[in-house]
Each structure stands twice: as C-alpha cells, then as structure tokens.
Amino acid sequence: MGEEETYIVSALVENKPGVLRNISSMFSRRGFNIESISAGLSEQRDLTRITLTIRGDEGTLEQVVKQLDKLIDVIKVRILDPARTVARELALIKVMTPDAGARSDVINYTEIFKGHIVDVAHESLIVEITGDSDKINAFIELMSSFGIREIARTGITALPRGMKSVRIE
Amino acid sequence: MRTLQGLRERGEEIRMVRMTGARALLETLRRQRVDAIFGIPGGAMIPVYDALYDMEIRHVLMRHEQCAAHAADGYARASGRVGVCMATSGPGATNLVTGIANAYMDSSPVVAFTGQVPKAYIGKDSFQETDIIGITTPITKCNFQVRSASEIPQTVKKAFYIASSGRPGPVLIDLPKDTQIESAEMDFDDDIELRGYRLNYEPHSLQVERAVGLLTQAERPVIVAGGGVIASNASSELVALAELLLAPVATTLMGKGCIPENHPLSLGLLGMHGTIASNTLVPEADVLLAVGVRFSDRTTGDVEGFCPEAQIIHIDIDPSEIGKNVKPHVPIVADAKRALRALYERLNQRLRSRERSLWLSRVQELKREHEEMMRSEGGLKPPSLLAELRKLLPEDAIVTTEVGQNQMWAALYLKAYKPRTFISSGGLGTMGFGFPAAIGAKVACPDVPVVDIAGDGSFLMTEQDLASSVTGGIPVIVVVLNNSMLGMVAQWQRLFYNRRYSQVDLRRTPDFVKLAEAFGAQGFRVGSLEEFLRAVKEAMKSEVTTVIDVPISPEEDVFPMVPPGGKIRDIIRGEGRG
Numbered sequence: 791m792g793e794e795e796t797y798i799v800s801a802l803v804e805n806k807p808g809v810l811r812n813i814s815s816m817f818s819r820r821g822f823n824i825e826s827i828s829a830g831l832s833e834q835r836d837l838t839r840i841t842l843t844i845r846g847d848e849g850t851l852e853q854v855v856k857q858l859d860k861l862i863d864v865i866k867v868r869i870l871d872p873a874r875t876v877a878r879e880l881a882l883i884k885v886m887t888p889d890a891g892a893r894s895d896v897i898n899y900t901e902i903f904k905g906h907i908v909d910v911a912h913e914s915l916i917v918e919i920t921g922d923s924d925k926i927n928a929f930i931e932l933m934s935s936f937g938i939r940e941i942a943r944t945g946i947t948a949l950p951r952g953m954k955s956v957r958i959e
Numbered sequence: 292m293r294t295l296q297g298l299r300e301r302g303e304e305i306r307m308v309r310m311t312g313a314r315a316l317l318e319t320l321r322r323q324r325v326d327a328i329f330g331i332p333g334g335a336m337i338p339v340y341d342a343l344y345d346m347e348i349r350h351v352l353m354r355h356e357q358c359a360a361h362a363a364d365g366y367a368r369a370s371g372r373v374g375v376c377m378a379t380s381g382p383g384a385t386n387l388v389t390g391i392a393n394a395y396m397d398s399s400p401v402v403a404f405t406g407q408v409p410k411a412y413i414g415k416d417s418f419q420e421t422d423i424i425g426i427t428t429p430i431t432k433c434n435f436q437v438r439s440a441s442e443i444p445q446t447v448k449k450a451f452y453i454a455s456s457g458r459p460g461p462v463l464i465d466l467p468k469d470t471q472i473e474s475a476e477m478d479f480d481d482d483i484e485l486r487g488y489r490l491n492y493e494p495h496s497l498q499v500e501r502a503v504g505l506l507t508q509a510e511r512p513v514i515v516a517g518g519g520v521i522a523s524n525a526s527s528e529l530v531a532l533a534e535l536l537l538a539p540v541a542t543t544l545m546g547k548g549c550i551p552e553n554h555p556l557s558l559g560l561l562g563m564h565g566t567i568a569s570n571t572l573v574p575e576a577d578v579l580l581a582v583g584v585r586f587s588d589r590t591t592g593d594v595e596g597f598c599p600e601a602q603i604i605h606i607d608i609d610p611s612e613i614g615k616n617v618k619p620h621v622p623i624v625a626d627a628k629r630a631l632r633a634l635y636e637r638l639n640q641r642l643r644s645r646e647r648s649l650w651l652s653r654v655q656e657l658k659r660e661h662e663e664m665m666r667s668e669g670g671l672k673p674p675s676l677l678a679e680l681r682k683l684l685p686e687d688a689i690v691t692t693e694v695g696q697n698q699m700w701a702a703l704y705l706k707a708y709k710p711r712t713f714i715s716s717g718g719l720g721t722m723g724f725g726f727p728a729a730i731g732a733k734v735a736c737p738d739v740p741v742v743d744i745a746g747d748g749s750f751l752m753t754e755q756d757l758a759s760s761v762t763g764g765i766p767v768i769v770v771v772l773n774n775s776m777l778g779m780v781a782q783w784q785r786l787f788y789n790r791r792y793s794q795v796d797l798r799r800t801p802d803f804v805k806l807a808e809a810f811g812a813q814g815f816r817v818g819s820l821e822e823f824l825r826a827v828k829e830a831m832k833s834e835v836t837t838v839i840d841v842p843i844s845p846e847e848d849v850f851p852m853v854p855p856g857g858k859i860r861d862i863i864r865g866e867g868r869g
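Each protein sequence line maps, in turn, to chains W and S. For the first sequence, the residue numbers in our numbering are 791 to 959. For the second sequence, the residue numbers in our numbering are 292 to 869.
Same shape as in the complex, but just chain W (with noise of 0.2 angstroms):
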C-alpha cells in the first residue's frame, strides 16, 4: 500500500437518469472512499460534470479512473493536478447569534473570509462561504465557538487552469 493522499477526479458524464446511481452504485460495489462528490450541467448540455475527491493511494486512484471509464455512461474521466487546479466549495452555515455581540462578531468575520449573509433571522445567521476546503473548514471552526445549527456543502468542483480541459472537443 502507498501513501494516502487526497485526490481530484473529474468527469463528463451522459447528462440521463440513472447516471449517478451507476457511478454511486460502482463506488460502494468496489469498496472506494469517496470524499466527495458534487455534479451539475457542463458546457455541454447533453453532459454532465462530476468532480470527486478521493482518499487513498496512487493504486486506488488508478483503479478509481479505470473503473470510472469503464461504465458506459462514462464519456471522460481525468485526474486534475492540485498545483494546476482551481477547486472551490460552497457552503451554508446557520450560525446561533443570540445576542447582538455575538451577531456583530460573525458579522466581521463572514466580511474577513469574504462570505456574505444571506439570511437574518432573530436568533441566526446564514452564511454563505466559497473557498477551497481548508478556508472552509477554518471558518466553521471559527464560528463553532457560537454554536452552529446547520450546515451544507457542496463538496469540491473544480476545473484545471488555463487553456488544459477536460472536454468533448
């Protein structure tokens, strides 16, 4: 076994039914761990992009590639290099201020992480946060301290840098 590492996969898939579950249904038949995975409309309209993350080492992700591609459904599949790469999360955090120190407080620090507020309620916030996972992760940390309600994220997308894609020419 090789080193652990995290790993960004991308993918063009047919945009039909049942694509995902094919994907899904593979990873747990075959024992992957898989991180993530967000997907949505590409360039294309026919085809849909999936970006993964994956843990595990340089065989799993061989594997990972080779058994992506393998499903029909499956138009392209290509590793993206993390120094050539721009990937970004989104995520949602519902934030307990109960006072208003406490309000002003995620206030200034959703301006210092450049999120925005996009609910206000009496007793909470909603803050709205892109970044890569590691700016993620130090704002919920950051804003644990006040209690967090909810959140959601999406998971990594990404695309490579430059003129370098991953596309159906």
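Be aware that a few hints might be false.
Calculated cross-link-like contacts (lysine-lysine; reagent style BS3-like; alpha-carbon spacing at most 30 angstroms) [what the hints assert, rightly or not]: (1) W:866 <-> S:618; (2) S:448 <-> W:806; (3) W:866 <-> S:449; (4) W:860 <-> S:615; (5) S:805 <-> W:860; (6) W:856 <-> S:410; (7) W:866 <-> S:448.
Hints were generated in silico from the structure; no laboratory data involved.
Go by the hints and put chain S onto chain W.
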C-alpha cells in the same frame, strides 16, 4: 422527421416500418440472427409472447428463470454468440438475477429482457413491480429501461454490441408493458452511437516490444491462460506461441480447453485445486505471461507466493483488470488474439536458440504424478471415472459442471481438448448452473453430446428443468457424483473444521432414477465402472435426457488442494501421497 410518404416520393428505400414495440423487439432479434430464446412468459411480458406466436424464432420454455439465464449463458459459451433470455417483471426478473451475476463474473455475452409494469405504474409498488435496473446495475455491463416503443430497435442493437464486444458480459433491457404494446415508426438500420464505450483491440507496440524483450531472455517462462483466450477465439495463437517459446501453459478454470490438455506443454488447472505441475511451476517462473486472466483469489492463493521471482506480462482487453489484483511489469491492454499474434510475429524473428531441456524435463516429471492419480484404483473413484468417461466422449463433446467437488474433479481429471467444450461457473460459483447451461449448450451445438458433471446437492437446485429438456427435445446427460453430501463443504469441515459435519448430510434424498423418470427422462443407477460406462453409452444414443446416479464415498476428497489463503505451492496431495 422522415415519413414513409416522404421517402416513397423521393424514391428512397423504405426503412421505417410501423409496428408494435413487441414486434419490433422480435424483428430486431431476428436481424441479430438470434436462433434461440430461453424464457418464461408472465403478465408484463404477454405482448412480447403474443408477437412471438407469429414468429419463427425458437423459444425454449424453461421452468425457472434462473435456468433461462444459465441456459442463455451456456448457449453463449458453447457457441461464442450472444445468448438471449426473457422473463416477466417482478419475481421473473429477480429470478434471473443469479444467472445474470453468473454471466457477469465469467464475462459471458448474455442479453436479458424483462417485462416491467407500464410506465405510469412505475414507482407505485404495483403488482409484480421491481426495480430490476437498480438491482442489476452492479451485475451487468450496462442496462437500459426502454421509455418508448420507437427506442426498441436501437436499444437492442446497442445491447448486443455491448454484450459481445470488448470484454463480453450481460446486458439487461427492461421493457415497460406499454412500450411493448404501442406502435411506432421503427428504424432498424440506424447506426448506434455509444460515445462512452471505447474499445482497444490493438496492442501497444512499445509494450509488445518490452514483452518480447523479457520473453527472449526468459529461462523458465510460464504462460497462464484464462477465459479471455477463449472469448477472443485465440487458442491457436496461444498454442503457437507456447510452442515457439517452449513455455508450459497453466490454465485458470475459465481457461480450461484453450490448449488441448493432452498437449505436452499443457499443465492443467492452476490455483486452489491446481495440478501439481501448474502450482509448482508458476511460482518457479522467471517470466510469467498472463493472458485473459484476472488473477482471482482462487487462482493466485496468497498473492505473495504466486510467482515471486517472475517478471509479469499481463494481456487483457479490460484496462481495469491491469493492476487490480496483481501489478504487472508489462501491461498490454488488447484483444488476446491480436496481442498473442503480435508477440508471435516479433519473437519468431528474434528467438534463436532456446535451451530448455532442464525446464521441460521438469514439466514432464511433474505432470507424471497427475497422470498417476487418474489411473483406475478400482471402485467408483471420481478421478479414474472421469478419465474413463473422457475416452468414451468425442473430442468436441461439451462438458458442463455444477459447483463444488464435482466441478474440481472435472476440472482436474476430465481433460478438455478444445475451447468452448468445458463450461463451468468460475467466478460466482453457482450450484445449479451446470444442468441449465448444458441445455443451452445443447441448443447451440445439437450434434455433440453434452454432459453435466453434477453433484447431488447442486443438481437438486435446478433439477426442475428436466421438464424443459424433455419437453423441449433437448437431450443432455447428467452424471450425478452422488456422495449424499454437500461435498465441498464436508471436505472443508473434514480438513479444517475437525470433522464437525454441520448441515451437509443430504441423506440419500431424492432417488435420482425415480426423479428422472417422473420427468419422462431416463435414469440409471450404477454400481461399478463397467456399469457406468455402459450407462454413458446408452445415454449417448438416447433421444431423451439421461440422469446417471453414481454413488461415491462421502469421505472422498478432491486433491490436490491448497488451503484457503495459502501459497499455491503448498499443495495437499491427499492420503498416501504426502
């Protein structure tokens, strides 16, 4: 949108025809040259069976859907063509599941059709509704649910192409009842498009060159050949390369028959019940050429002890097999036939002298021990019994097996001389496979004898299809090696569990002769080798299926054997053989 009227006006050939989905399904099967369907009708499939009433395609009415899938699998393995099975929705579909999983594990080209409740009823837990697409996703190469009748010709063509190309495997098409009933303009000639399905048949020349380099230097080369050699019809290429290299060939269970087992370079089965020659020589190899194998745990045993000194060349058409279980030094993703041919051509130019006399005399010496085990010891002992049976059968006779001791005895002691003549459930290890597979093989190859080597436990799992073999006019021979035990489990309990025989005694039930006769088949019970051989001769002349009950000792073990998880060279030879 093309219309029939428009085409006629422009004088174009009319290729769009209006018909029901059910009719279009059968018409597409006819165009795929399907000559047999194994199935059972049911509520959600009645429109297809109604259309079948008017068609010339042969349908074999099975008595359990699992047998329909196994028969299609057996048909596919015997013929190399796609096997077709059919079942209704719900329980019909779920009964196919074992058969589909079996075909998937052994890379067998099967297309399965299931009825489904009408689209408007899907998701409502309707009568006989089941999510067969969800259920079969992990055990099919791919599956489709038809959404409208007009999709049927294209979908069926895709299914046949996917099932039979690259690494073969099963494909399932789920047909909601309304798509069978509705009519549409059908286009049977449109090309199919599968942009996510890419095949690589040609070997990479650089990797071939590296493999040639290793093989030219090899002093103790061994070839390990698997089901991929048979799937790609590469037996003659394999034998030619083995002879050129003077390399002995060990086969996996799935590869049995890809080299004639009376060939001097054939070592026989490798792995948990491998021959002494295979299990000794593979670990000694300096270069191992593995072709069309997936290095299953039953073949390698403890991977560390499999071929510790060898440089490994691995040829497989499925890239995901390369490095999955064993990391090769030279990976070749290609069709076995083309890769073997490429290796042969380059080696033929480069190989000068091959000094192999020591290696080859070791091969012959190790093979001798195996031959001795097959010599008759008197009484009904499976090794000698199967060796004698082989002498009665023509070279191209097809042998299927059940799973367990019967299977390993057959794999070890009943030699196969041709590819596609030994059909066994390798990956899934499905008891009950051999008999329906024999029915399928007999439909594919009606002119050769088809023999199922069975155990009493296995045969009872699918014996109801004696009815389909008798009423369908498909005579096969079932040899029940009857130890009145779930024999392989009993063997493990004897060897590794201190003879604590838990739930393996079958208590001499049923009476297989009476059972056969109840179905209108022929039944014999034999008490000696002579009686056995007489019964086989009788069965080969018979126009109905014959069941031969062969009582053997419940204490009989299959040897050689490697303890589970052990290294393949750590062979248990059995009593008196140390």
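Hints, verified against the model:
1. W:866 <-> S:618: Holds, at roughly 24 angstroms.
2. S:448 <-> W:806: Satisfied, since the Cα-Cα distance of roughly 20 angstroms is no more than 30 angstroms.
3. W:866 <-> S:449: holds, 20 angstroms
4. W:860 <-> S:615: holds, 14 angstroms
5. S:805 <-> W:860: violated, 49 angstroms
6. W:856 <-> S:410: Violated, at roughly 34 angstroms.
7. W:866 <-> S:448: holds, 23 angstroms
Hint compliance for this structure: hints 5 and 6 are not met, and every other hint is.
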